[in-house]
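Novice: All chains should be modelled from the sequences, with the hints used to inform the complete structure.
The chain contents come next:
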Amino acid sequence: MSIWLKVLYAAISVSVATVYGLTLGGIVRKIYARVHGRFGPPVWQPFLDIIQTHSRRVAVSHGNMFLLGPVFRLAGGLGTYLFIPVIFGSALFSNFSMAGDLLLVMYFVFFGQLGMALGAGQGGHPYSPLGIARGLAQMSTFEVPFSLAVISVAIQYNSLNITSIVAAQQGSFLNWTLFTNPLAVVAAMISLLGMNMHSPFSIVLAPQEIPIGPPIEMNSSFLGILQTNRGLFAAAKLVLFMNLFFGGATNLLEMVAKTFFIYMFSVFVGAAYPRFRPEQSFRFFLKWPTIAGILSIIFIAYFGGTS
Amino acid sequence: MISLYTLILGIALLLIGIYAMLTRKNLMKIVIGFSIADTGTHIIIVSLGYLRGKTAPVIDAAVSVSNAVREVVDPVPSALVLTAIVIGLAVTAVMLSFIVEMYKKNKSLSIDDYQELKW
Amino acid sequence: MVSPIYILILSLSVGFLLSIFDRAGRKFSLTAFYSVLTFNVALMGDWLYRLAVLHVPTFVINTAGFNAPVSINLELGVAEALVLFLANLTGLMAAVYLFDKFREGKVSSLILYLLLVMGVNGLVMTQDIFNMFVFLEILSISTFALTTLKKNLKTLSAGFKYMIAGGVASTFFLLGVVFVYYFAGTLNLGFMTADQFSGIGLIALFLLSVSLFIELKPFPANGWALDVYQSVDSGIVSVIAVVNSAAIGFAFYKIMPLLPSSFLTAFGMAGIVTFFFSNMMGLKQENAKRLLGYSSIGQMGLLLASLVFTIGIEPAVRYLIIGGLFLNHLLSKAGLFWIAGIVKEEKIRNWGVLRNNKPLLVLFGLFIFALSGLPPFAGFWAKWEFVKVLVDSKMFFVLGTVLVGSLFELIFLFRWFTMAVKENADELEPMASPGFSRIFPVSFFGILAAVVSFGAMRCFYGSNWLQVLPVIAVLFITLIDSLPSKVKGFISLAAVAGYGYYLYPLLTGNIQLFFGVIFIAGSAVNLISTLNRKNQSKGFYGFLLMMIFSFGNLLIASTYLEFFLSWEFMTLSSFLLILRGQNAQRASLMYMIFSTAGAYLIMVGFSFAPALSSTAALILSIQDVNLPLISFIVLAIGFMIKSGSVGVHIWLPEAHAEAESDVSPFISAILLKAGVFGLLLLGIAYVSNAPSFDVFYWVGWIGVITAIAGAFMASFQEDAKKLLAYSSMSQVGYIVAALAMITHLGWVSALYLAFNHMMFKSALFIAVAGIYYRTRTRKMYEMGGLISRMPWTYMTVLMSIIAVSGVPPLSGFGAKWLIYTAFITKGWYLQAGVLFFASGVSFLYLYRLIHTIFLGQLKYEHQEIKEAPAWFIIPQYIFLAGIMAISMFPNLIIKPLNAIAMHYFDSSIQIDGLTVMSELGYWNGNLVMYVTMAVFAIPFIMLLLLKGKTQKVKQFNIVYAAERPESPQTTHVAHNMYAHLRKSLGSLSLPRVQEFWNSVAEWSHTLGAFFRRVYTGNGQTYLLHIILYIVVMYAVMGGQ
Amino acid sequence: MNKKHNDEIENQMKLANESLPERERALFADERPSTVEAFNKYYEGFLNWARSRSLWMLAFGTGCGATELRPLMTSRYDMSRYGIAPRPTPRQASVFVIGGYASIKTIKRIVRSYEQMQGPKYVIALGSCTINGGMYFDSYNTINRLDYYIPVDVYIAGCMPRPEALIAGFNRLKEKIRAGECEGMNLYVEKFDWYKENQKQIIKDWNMPDYNW
Amino acid sequence: MEQLIKKINGMIRLRAYKKQRESLHFFTVEEAQLEMILSHLKNYEGFTHLAFLQAVDFIEDGKFQLTYMLYNYETKMNIGVLTLIDREEAETASIHKLWAHAWQYQREIHEMYGIDFPGSPRVKESFVLEGWEEMPPMRRDFDTKEYSERTFYQRPGRSTNDPAEYMKEKLYRNYPQSPAIRRDDE
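Protein chains in written order, with my numbering: chain A, 1 to 307; chain B, 10001 to 10119; chain C, 20001 to 21040; chain D, 30001 to 30213; chain E, 40001 to 40186.
Watch out, some of these pointers could steer you wrong.
What the hints assert, rightly or not - Derived DMTMM-like pairs (lysine to aspartate or glutamate); straight-line CA-CA distance at most 25 Å:
#1 B:K10029 with B:D10112
#2 D:K30105 with E:E40149
#3 D:K30105 with E:E40134
#4 C:K20422 with C:D20481
#5 C:K20952 with D:E30164
#6 E:K40124 with D:E30181
#7 C:K20952 with D:D30147
#8 C:K20151 with B:D10112
#9 B:K10118 with C:E21002
#10 D:K30105 with E:D40141
#11 C:K20106 with B:E10101
#12 C:K20154 with B:D10112
#13 B:K10105 with C:E20104
Simulated from the structure, these hints should not be mistaken for lab results.
Just so it is clear, the structure is predicted and the values come from calculations on it, not from any experiment.
Specialist: Now the structure itself:
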């Protein structure tokens, strides 16, 4: 396949994911509003917000790193997405997954976060590092159950290759990791809550105590890029979870349906639970989901699992 | 064969001397204890070489050169003891001179007053 | 051929004539005095030459024209000649040292001194035990009298105690002599045999030996000796500690053949006990001369023990051990006592005054190193062989006691040394410059020690000059030390390059070559940063070269001893480098203690190892060696100490932080890899001959725990260098864990990580060095916002932390990919989980590092700060280029590493073009790089197009809740940045290990303080000790 | 020569920041704000449409009128359906709602926050106090006319105006935005010196730069 | 409580004691005796808490009245210690040594009334007015309307009702003589 075709496919894939991710965000706001008994903003409000932020005539930059922070962030989102095969068996949506396996995806997530943290740090505002400190600490803890789940999955399918993990789950829905290795899915889904930073783990972005955390100084187009990434990155994470735990997708519709429900999980938990303090959330992640992850490894590695 | 009484006497003196050294606080008495112990040692030495009924290993009018081997006691311990006495004397003398100097410096003869060096 | 009897005759006759000479003037008497002493030395030297080199038979002197046993006879063999030569030499030097005293004092001291010398000579040579008694008494009485050379209350009371003890001991000796005569019927040693003393006859031997033994000051019957050592004039003390002890020790050696083995074992044990306890009690000692006294007593104990425990082994080795220990003790102890006399400060804490006199300080260090048994001094070789003997004869208890005792000794000696080098001495009176007569003997012995050590080395290695190179480097740099620092730097750089060039053909194995690159090339690049030094940096380059050459020598060491020698050179040189740091006293001491403990373990481990069959480098030949399990365990612990594994890591952060900032990169990036190299060595042995117990499983766990513990502790540091140090600990934990897998992929990842770590940690430490150079602070919260002032350094740090954290596309991700794949393939799942956690935590400290230094608020005092000097920037960018190269083309490193590991295992990865494939997954670093560049470019262009009119603003133009920031200090989030994490998981970061080791230290000091209470200072108590000691020894020996 | 000339011009463009202590001047940007003209009509029209549909309101309750903003967020009035959302930082907000009376102490913060907002930016002034002082017309520390200190786009009269009035005000603002009439950002720059003079007249301890970027 | 009042009355002559309710009492003391009384109340009578410190301007008498409101946690009693100081030379002793937090009240009073408390920390710093240059605004001779007109730009067209007149007409029609504010010690 020619490289330019590949690039074209990737561009299409990214556009779809971004639009999908942003729409998902709009839907979530709508759902929240309805839960509150409000009418809520239109579903396309995220798009309007992005146009609005980009439409600012002036911007303030604190330096080159500040300028690059959002770039890093979106690059992280793009890269993460591009290293995941989105739809099983589809050339259009296979992205650049031949560059690396699951570990690459897991670590590329940090690319954007690190860059963003640096950019926000140069902003000079004390709330930025405060939020980043919380975010990084929370990340280091929710990575524990997630990585345990990934290890468990890797043992189960004897592979770290996302495509072959998906392939192994094809056939019946009973082949999904959700059913063959439920403990790993429990661990991973709880850490998904942390990744999405929905409450009860939303202290990182705490809108009141430290106004929206790291990106406090971000403005205009910088913010717009961050918002774009929010959509894309959400889509990337969901696709990854879908691939690892929910049998992947063979067509776009299936992908949309599955990821929607995965997302709804964290939305509903977020709508129902109050927030943890940072130290509570750290301890929480290291307690129950970690135990679930360890149990899933023991279950898979030492009792053979079911696959 | 050896003289048991003198041996016991020597050991007794040795023990008395050591006891004195261990219990007396006065420096002079300690030196006296040392001398007693030293003397006890000398007696032990001599008694080990002593053979009942024989004479001193001095070749003079009483003992001729030819029958000396039969008539005298083992001469070696006696010779040793002479040297040992001299040496003991020297040690005692040095000790006493130390005591004199120490008394000059500290005006005390109690050994308890000379223990600032420790640990 | 002058008969040695003339020594006795001349000493005695001149001694008596001296008072007459003195009438004619002190000049005459002194001339006579020194000529006699010189004559003694010359005569003994001559005899030594004849006996040892020309192999003249043992010379026997029969007095009074009769043969033994009728007459008293003297014997002069090689051993006697050697001991007497050294004793007389020391006597002469001590006399030179005492020249001022002798010139001004009474003539009687000259006479006494000659008598003493005569006593010593006689005691050593005589074969008659009563004669021995006589000489012993002559020796003792003259010594008693000489103690009051400096007459004050202390010397008098100490001398009196000495006399009581000595008097009683000699009384018993006399008794023993007589009893021996009674049983053997002769006084001549040559005519006695052990079987003459059976049953009750053993009492005779007991009395004879135990009283001599008491003269050698065994614990605890040795309080009197300590008092003498503390109070009496240094010159005399050096004679008592060295010459007297040598003579009495030799006398004991002479009667040893008579003693039954039960006696000998008991005496050997008593020697070991003495060595152990006196060193332990030395820990608590603050008086310099008393400290030396403890050390002397300990050394004598060790010497006696070695006399006993080496019976029956090959004579050459035996002489090496005994001779080495003896020579070491003699030279260094005499030298140290003399220095103590010159310094005149009683408290070791006040020895900072020694810094006024640099040559003397060097000599002091020389003696301390010699005494501690560090190479190249004689004690090192002796200790190495002794340990081997003990291991071979399975005396593990003795071995343990000796090693712990040695460690104690090393602790107090090095504490003293670090105090002398570092302790504040500003308020003390500066030391007066010593006269020639005082400095000469010290220097002479220093040079002698060096020559002897050089001779020992030559006798071991013949022409292998590479092993000696570290020492040569030090000497060479010392010669040119007056040159400017930059010149020396360039010379050193050239030397390292030349060394590398020379070494290259010797590195036949790939693995050697790989570590060669880390050790030599890494050092060379790091060396560039030292070129920034402005001041003279005396000694610095010498030690640096010594360390670098030792690294290289580790690679090509072909025997255990060579390996260990280089290892010890490395330890010593790195200790000296660390000590150069401003507040490095504690840190360097801790480093030395832990390193030495590790070195002892390595020594023991190698002693257990079977002999090598091949002459190739150890790293290559080790695979043919079937190491026993104990070797594996002990060596693994030893190497893990060096690599800073958890539990024994506490030296690491201190040493890294307190070393000079351009030394830290060497320690972190390269020195730690030496530990890794050692573990790899062990791993290779494990691959071919695995023991029954899976040692490396536990090593793996330790590595994993090290990784997480280091990461946690790094997150809570305020000091940039400490943060990096803990980060190093964590990273090396990864390496150790990966090595411990003993799989192909594990080793590839370990080596990959090692290489990577060398580069990014060097770059980071040099960057921090540059920052420290400009800001003069290591506290991160005192910095901030430096990105605008030091953009180049920022770039390095940014790239390096990306490489550390394992974020693609830089090389760190390769390490992560390899290591996790390896772990999952190996089946170490939970370990992999912990490592994931560690890698998450590593983001915390990395962000903290870069944020608190470079981002946030620039402080007022740093507004005008400049970029770090070019000497710091150049090496950083060399390393950065390396990182970028292997990031872009991972095959550059993966392929060779694959080849190295394939030497030991079947390959588990395939390299298909630019993609690396493992059993589980795949990774194409090149493509990742391109994709990353592309995805980076897209938003960047997007931003440039859309961002509107952008105003660059300054640091206070922030949204501050509608206020304006008060000051940069209060606006910068840096101090205790992860307070919330500390709140929830901080208990993990408590310094428990530190507390553990602190309490170990506390306990050993407390025990020392407890035991030394036996030395009440009361003469009667000391006497009681002696009596009880005899009783107890009798009980012990009688029981057997 | 040319460079020197440029430097001179640049220096004239700088703000004096005289009230800042010497060492703090380096910590604040001293550039003068400049006007940024709109794009061409159609593009700007599109952007204005988006801006009007996505009003981000600075959550800064300057006076008692802020109480009336709370019900606006609740389900009864639900401002989010108009695309109005609160933002906690002025960097991201586009609408500044002045909640009633503004004391001198508050006006200082209002000016800072307003200047830190990224244009185009809009101001809704709430309540009589902002119009002519309201019931605080004779207070010694409450200003009477807000538009002397920052440009105001929409006034909502009342003491206090109900949330319905607020919604009406927002709708008015939207209309004005779409009509391209809300150029307060450029107005502020054009009359910069006048605004500064007025501000400095009442804010006596001016311990901030002349323009808070 | 009565006992306490008697006791204090025995120590000094109390002026104008007033019992507002069971748990709230006021009395006035001489300015010179104020510190002594306060420290006595704090140290011996259990009034450990200084609830507030405030001032009233009695311009007619040329006096400022200071009210130190103390509270006893055990008996749950409030005592207001009042004192009068001269309006022209408005200055009195600082009590920040008795209650550390009093400095903040004193600073505020200094700003608002111009009463000085020598020795009180940071008393001269501005508190809420941030750079006020005129007469302290809470003094009754400060004409706030004139100040406002002078300083703030008036919007033309505003019509104003005099609050007193307007209120009188609207609400107090039944009370033509609104009660004058009287001090208790008069």
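Novice: Given the hint that K30105 of chain D pairs with D40141 of chain E, does the C-alpha gap stay at or below 25 Å?
Specialist: This hinted pair holds, its Cα atoms lying about 23 Å apart.
Novice: Mind checking the alpha carbons of K30105 of chain D and E40134 of chain E for me, to see if they're no more than 25 Å apart?
Specialist: 16 Å, holds
Novice: Is the straight-line distance between the alpha-carbon of K20952 of chain C and that of D30147 of chain D 25 Å or less?
Specialist: 28 Å, violated
Novice: Given the hinted pair K30105 of chain D and E40149 of chain E, is their Cα-Cα distance within 25 Å?
Specialist: The hint holds at about 18 Å.
Novice: Taking only the CA atoms, is the gap from K20106 of chain C to E10101 of chain B under or equal to 25 Å?
Specialist: 16 Å, holds
Novice: Holds or violated: are the alpha carbons of K20422 of chain C and D20481 of chain C at most 25 Å from each other?
Specialist: 21 Å, holds
Novice: Keeping to a limit of 25 Å between CA atoms, is the pair of K10029 of chain B and D10112 of chain B held or broken?
Specialist: Holds, at roughly 13 Å.
Novice: Hinted pair, alpha-carbon criterion (25 Å max): K40124 of chain E, E30181 of chain D. Please report holds or violated.
Specialist: The given pair, whose Cα atoms are some 47 Å apart, is violated under the 25 Å limit.
Novice: Does the alpha-carbon distance linking K20151 of chain C and D10112 of chain B stay inside the 25 Å limit?
Specialist: Given pair K20151 of chain C, D10112 of chain B holds - Cα atoms ~20 Å apart, limit 25 Å.
Novice: Does E20104 of chain C lie within 25 Å of K10105 of chain B when you go C-alpha to C-alpha?
Specialist: Between K10105 of chain B and E20104 of chain C the Cα gap is close to 22 Å, so the pair holds against 25 Å.
Novice: Would the hint linking K20154 of chain C and D10112 of chain B be met if the CA-CA limit is 25 Å?
Specialist: Between K20154 of chain C and D10112 of chain B the Cα gap is close to 13 Å, so the pair holds against 25 Å.
Novice: Run the distance test for K10118 of chain B versus E21002 of chain C: straight-line Cα separation, threshold 25 Å.
Specialist: 21 Å, holds
Taken one by one, the earlier hints fail for this structure at numbers 5, 6, 7, listed in ascending order.
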